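Asker: Chain residues, written in single-letter form:
There are 2 protein chains.
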Amino acid sequence: MTDFTRTRTLFDLPEGVVYLDGNSLGPLPKAACQRVAHMMAEEWAKLLITGWNKAGWMDMPSRIGDRIARLIGAPAKSVVMGDTLSIKVYQALASALELRPGRPVVLSDSGNFPSDLYMAQGLLASLGRDYELKVVEPEAVADAIDETVAVTMITEVDYRTGRLHDMKTLTKKAHEAGAVAIWDLAHSAGAVPVDVSGSDADFAVGCTYKYLNGGPGAPAFIYVAPRLADAIRPALSGWLGHEAPFAFERDYRPGAGIERMRVGTPPIIALASLDAAMDAWDGVDMLDIRARSIELSERFIAEVEARCPGLELASPRDPNRRGSQVSFRFKRGYETMQALIAAGVIGDFRAPDIMRFGFTPLYLDIDDVLAAVARLEEIMKRRLFEEPAYAVRAKVT
Amino acid sequence: MTDFTRTRTLFDLPEGVVYLDGNSLGPLPKAACQRVAHMMAEEWAKLLITGWNKAGWMDMPSRIGDRIARLIGAPAKSVVMGDTLSIKVYQALASALELRPGRPVVLSDSGNFPSDLYMAQGLLASLGRDYELKVVEPEAVADAIDETVAVTMITEVDYRTGRLHDMKTLTKKAHEAGAVAIWDLAHSAGAVPVDVSGSDADFAVGCTYKYLNGGPGAPAFIYVAPRLADAIRPALSGWLGHEAPFAFERDYRPGAGIERMRVGTPPIIALASLDAAMDAWDGVDMLDIRARSIELSERFIAEVEARCPGLELASPRDPNRRGSQVSFRFKRGYETMQALIAAGVIGDFRAPDIMRFGFTPLYLDIDDVLAAVARLEEIMKRRLFEEPAYAVRAKVT
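Quick mapping for you: the protein sequence lines, in order, are chains A and B. Quick note on the numbering used here: the first sequence kicks off at 1070 and runs consecutively. Quick note on the numbering used here: the second sequence kicks off at 1070 and runs consecutively.
These aren't lab readings, by the way, just hints derived from the structure by calculation. This structure is a prediction, so every number in the text was calculated from the model and none was measured. Fair warning: there could be bad hints in the mix.
Since the list gives no way to pick out one identical chain from another, each pair is judged satisfied if it fits inside one copy or across any two copies.
[As the list claims (entries may be wrong)] Here are the simulated BS3-like pairs of lysine-lysine, each with C-alpha atoms no more than 27 Å apart in a straight line:
1) LYS1242 <-> LYS1123
2) LYS1123 <-> LYS1099
3) LYS1450 <-> LYS1241
4) LYS1115 <-> LYS1099
5) LYS1464 <-> LYS1099
6) LYS1241 <-> LYS1464
7) LYS1400 <-> LYS1123
8) LYS1400 <-> LYS1464
9) LYS1123 <-> LYS1203
10) LYS1123 <-> LYS1464
11) LYS1237 <-> LYS1099
12) LYS1203 <-> LYS1242
13) LYS1115 <-> LYS1464
14) LYS1242 <-> LYS1450
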């Protein structure tokens, strides 16, 4: 049984703040400060170049990849860290397309994060053949999978509404039609139980600065199904994905399995922070996270709907169809969120009218939920969203 | 006049160590530890998601890019940070190729860093048209530039020998033949005076963990000539290169100028370290760096040749044809370098037989050079390269 009293103590959260934006940027794990300071002052300063071997820097992308693998239902040695999520999306899509030559369609949905769509647009324009990026409504994905589809490229949890796709069913549908399935787990890893193996996903990518608390711009991860990893060609064929990087050969030869998805020199300071952040997940069961996340978000919805008329739920009402965030629509959502932040409740806003709240059981409990709703209620009742944010702070206690 | 007594105090170097590998990984700038600790404990912990605006995180890639611009002769707002150097090479090459449709050749040389060649191989294989990566000897580059060449992709300073290409002449030659010139400045930025504007380079890329001391795996930079920046299509079209990232539009529209070369969420912890490292360059004149670098390396060569018979200079003898490193060939170079490192002189080894020494005036002086040669002489005279490295330490003082 996950000990949430313990996990809460691992984070450095400002006094009096209710942080409901861990779905965008997780808070500082106390251990990360110490780990990074150690890495810089003891490893970098003292070992200098020899740190690559002596401090194990070179293996960090695989070692941390294994820690994330456990949270997404992946076997050891199937996940590796590096780059940003946008680059990882590109890398997965480029390799996936070559597995299905002759098929023209990359299928995605309008709930996907725009950068995924942009990266696909950039790649397809480079390839210059008759590819089409087909973007349908989230509800229409299943029916749009047919034999023209080379790759489905879907984000499991919608960044605005929290709507949760059914990874297993859609992957099965994709495979039946002969397509390759790429899953973006940006809002899934550390948020909901994920089973890339059980779902038979082909590729999965994700970031680590949201629910995994690695720090702003922390390195991304990529998973490739072991049945495919030795067969794919890496389009981003950098030296650290080479079979023998330090042989400095003239021609690229892909490394074994997931190692070939490494590209350039790994970002060690950022990885040190992430590695420390992953300590918080030791002993944490994703099923416990899920149960608590649903408890927190159900209570939040019930309280907001009872006490804050005017806010309209934008997330699926069924908790089994939601990730670990809840969104409400409100015409004055932008100003309301500004007022909320001024009052110490940090969520965020996504155009045109979405107020977004993330629920992260590692460091949030029911008291946080109630405190957040109380301040929101105050702002709504007194129409404080009509005042500048700096005026709000004094009026909400 | 650059004050090298001051700059030396800015670095945390282990007592008794002579560090001649700043061309591979620069040492820890003392300010970097403090800056990163501040960024984590004061910005990330306290500002949380609002740090993106309140702490100026979102602008760091451009702000630090401007600091690097000064060192490479680039105007403000023409350099931006992010990703690894391999990714930046790919990005530059993909955009450059589209400027010269119909031309089949990417020209590089055998002195280029392998990852640049690998990334080109990966890109050209994806494009799948009749492209050819033509790799000639460094001396043959100029004559190989003809009307079939779409892009020249050259590293200015050879990572093994330190041989320095003539950027201005080769760029002129490329332009006369109608080709686009990409320069990799991995071993140039902070090492030698670079003038991307005066040389009329089209693209330049580089890393910041060598002479710029940003830390292991620190973010890379890319320069695009302002005359081109608004005309190129970014192949890696990520959301932060979008004209309006937070409008979350469905389709990609490139941002203005160099901003379009941004891709994903910037790595803030790593950028904080790099930003502090760049402080050491305030008040430093690259011409002073160059004069001192030549003084150090000339003295090193003279002493080694006088006192260490058997070592053969692998770098150009003319200092004007060298970057800021000196390489010697020796059949037992690997073991000799192991022994040297055990004796507190850190250089590195590149297969098959190259011992490499970097000279970095920010924190090295003539005494370091003499101490290094004295230990090398001892190892050579007593043939300590025949002993295991752990046995060497006691025998060399």
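Asker: Decide, hint by hint, whether the structure agrees.
Answerer: Checked hints:
1. In this assembly of identical chains, the alpha carbons of LYS1242 and LYS1123 never lie at most 27 Å apart, being 47 Å within a copy and 45 Å across copies at closest.
2. In this assembly of identical chains, LYS1123 and LYS1099 lie within 27 Å of each other by CA distance both inside one copy and across copies; the values are 25 Å within and 22 Å between.
3. Taking the shortest alpha-carbon separations for LYS1450 and LYS1241, neither the intra-copy value of 48 Å nor the inter-copy value of 69 Å comes in at or below 27 Å.
4. In this assembly of identical chains, the alpha carbons of LYS1115 and LYS1099 lie at most 27 Å apart whether taken from the same copy (24 Å) or from different copies (12 Å).
5. Taking the closest pair of Cα atoms, LYS1464 and LYS1099 never come within 27 Å of each other, the shortest separation being 32 Å inside a single copy and 44 Å across copies.
6. Taking the shortest alpha-carbon separations for LYS1241 and LYS1464, neither the intra-copy value of 53 Å nor the inter-copy value of 66 Å comes in at or below 27 Å.
7. Taking identical chains as interchangeable, the C-alpha atoms of LYS1400 and LYS1123 lie at most 27 Å apart only when they sit on different chains, with a minimum of 25 Å there against 56 Å within one chain.
8. For the identical chains of this complex, LYS1400 and LYS1464 are intra-copy neighbours only, at 22 Å inside a copy versus 77 Å across copies, given an alpha-carbon limit of 27 Å.
9. With identical chains, the CA atoms of LYS1123 and LYS1203 are never at most 27 Å apart, being 48 Å at best within one copy and 38 Å at best between copies.
10. For a Cα distance limit of 27 Å, the shortest separation of LYS1123 from LYS1464 across copies, 23 Å, qualifies, whereas the shortest one inside one copy, 56 Å, does not.
11. In this assembly of identical chains, the alpha carbons of LYS1237 and LYS1099 never lie at most 27 Å apart, being 36 Å within a copy and 50 Å across copies at closest.
12. In this assembly of identical chains, LYS1203 and LYS1242 lie within 27 Å of each other by CA distance solely inside one copy; the values are 17 Å within and 44 Å between copies.
13. Proximity of LYS1115 to LYS1464 under the C-alpha cut-off of 27 Å is restricted to the inter-copy arrangement: shortest distance 22 Å between copies versus 52 Å within a copy.
14. Within a single copy, LYS1242 and LYS1450 get their C-alpha atoms no closer than 48 Å, and across copies no closer than 71 Å, so neither meets the 27 Å cut-off.
In summary, the numbered hints that this structure violates are 1, 3, 5, 6, 9, 11 and 14.
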